[in-house]
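Novice: What follows is each chain in one-letter form.
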Amino acid sequence: MLKIISYTLSAALLLGSCRQKKNAELAPEYLYEVKDQKPICSLIDNKKGNILMLYGNNVALQAANDSLVKQVPGAHYTLVTWKQKQMPGWYGTNMNGGIYSVETLQVSQVGTQPFRADYGFKPGEVYSSLNTKFDRDQRIRFIIEQRAAILP
Amino acid sequence: MKKTPSTAFRRVLSIVGVLIVAFVPLQFASPVVVNPPLTKEISAPEEVTRILKQSCYDCHSNASNPRWYGRIAPVSFLVAHNISEGRARLNFSEWDKNPPVVQELLLWEIVNAIEQGKMPLNSYCMLHSGSRVSASDLAILKKYVNTLPGRHKVDTARIIRPATLASRPANEKLSRIPVSINGVPYYPDYKNWKIISITDKYDGGSMRVVYANDIMYNAIKSKKMPFPDGSKMVKAVWGKQQQDSDGIVRPGNFQNVQIMVKDSRKYAATEGWGFAKFDGLGLKPYGKTAIFDRTCINCHRLLAPGSDFVFNVPTK
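Chains as they are written, first to last, in the UniProt record's numbering: chain A, 1 to 152; chain B, 1 to 316.
A portion of the hints provided could be inaccurate.
Simulated pairs of lysine to aspartate or glutamate, EDC-like, Cα-Cα distance not exceeding 16 Å [to be verified]:
#1 B:K194 with A:E25
#2 A:K48 with B:D244
#3 B:K53 with B:D189
#4 B:K224 with A:E29
#5 B:K224 with A:E25
#6 A:K47 with B:D246
#7 B:K221 with A:D36
#8 B:K53 with B:E94
#9 B:K224 with A:D36
Chain A is nowhere near these chain B residues, computed Cβ spacing over 12 Å in every case [what the hints assert, rightly or not]:
#10 V24
#11 P36
#12 R89
#13 Q103
#14 S134
#15 I181
#16 Y186
#17 P188
#18 K191
#19 K240
#20 A268
#21 L281
#22 F292
#23 R294
Keep in mind that the hints were calculated from the coordinates and are not lab data. Glycine is no exception: its CB is placed at the ideal position from the N, C-alpha and C atoms.
So that you can see chain A by itself, here it is in the shape it has in the complex (with noise of 0.2 Å):
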């Protein structure tokens, strides 16, 4: 009795208050399909506000998993940036916004110095030159050195 009573007349309370859901809109523009290559790690940019994941082929995912080993010929990576934005509908948390570049690297010969790789950057359509300093090298080194994240 008391539930029904309590039901009904939350259900009145809630048709009164003329509140509709609002929807939230899917935005597939910040995915991005890294294809025949596997995650390596999530990395969080505090200073520049961004939020990156690293992917790599297996040759690659094997040299992220070793501690010792950095540099293997053959190693192909994706480096996806994107901006963070607060995720919606929990303040405590940011997630990937728009994609901000996505760089790629190839590993063609170790051993000499500088080790031979093809490197490649692209920018997304959040992309700022502004206030960026590029150094081609320094992101290589960047990019080799990140060790794989555990997973069971």
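Starting from the structure of chain A, add chain B where the hints point.
Specialist: Here is chain B on its own, set in the frame of chain A:
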């Protein structure tokens, strides 16, 4: 035929009579709100407890104080229901019943519920002037949750890799698939799924990567919501290492995987979603009873109804 004034009057009288006959006995069935003794009240700065007492305590504490009209049936039924639900969800007078991690999560949830205008309930605000949380009071609550320990948690422990786990066999491969107590299994093939989001959950010091199977990924690509049955998502969670001098934070130790699977019939009680969590490298199923997922859906239902009760999907 035109009604005479005496006929109309008699009708009004009979309606009033029926109402009185229904109203009076209803008072005898009217619920009485009892305030049990408090066990341990929440401890927070005075400026924070002032806001909680002003806007939340009537339903979320053992110090409920319904106004006179809230004690009269039929309104009393609604008041008793709201207090019962509110206390079950979180009770500031029995705050010690929640582990510290849950206490922090609840405080962040409170901030989000207020920010989204979900709490205090509109029906409550209409009858209790001054109970709505102002923008400046919300800012005080936000400032407070940002001082909580989880906000600054750093994973400084040595990173444990699966091969070094003494409890696992050397040729470690999942000999059997772990299954949650509510029947939701672990999906080992999620590592081959596509990534839909990467997150920094700074309220609890973790970072996450969220994978979706093809059904869910294609639904996102085609902007299709609610998500179809068969949609699955897996969230892998790590601690956060100390930020380096360039502002980069890397994943620390693996913490857990969290799963959501859509089956609108099987999981009708939880908005069509089955929940599971598997802790640690041993993937120990989380939850002591099969209804552990009510805690999950309570928050998802309150704060993510507009995205088919799912956080972590890319939305504008």
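Novice: Kindly indicate which numbered hints from before are broken by the structure, ordering the numbers from low to high.
Specialist: 1, 3, 7, 9, 16, 17, 18, 19, 21
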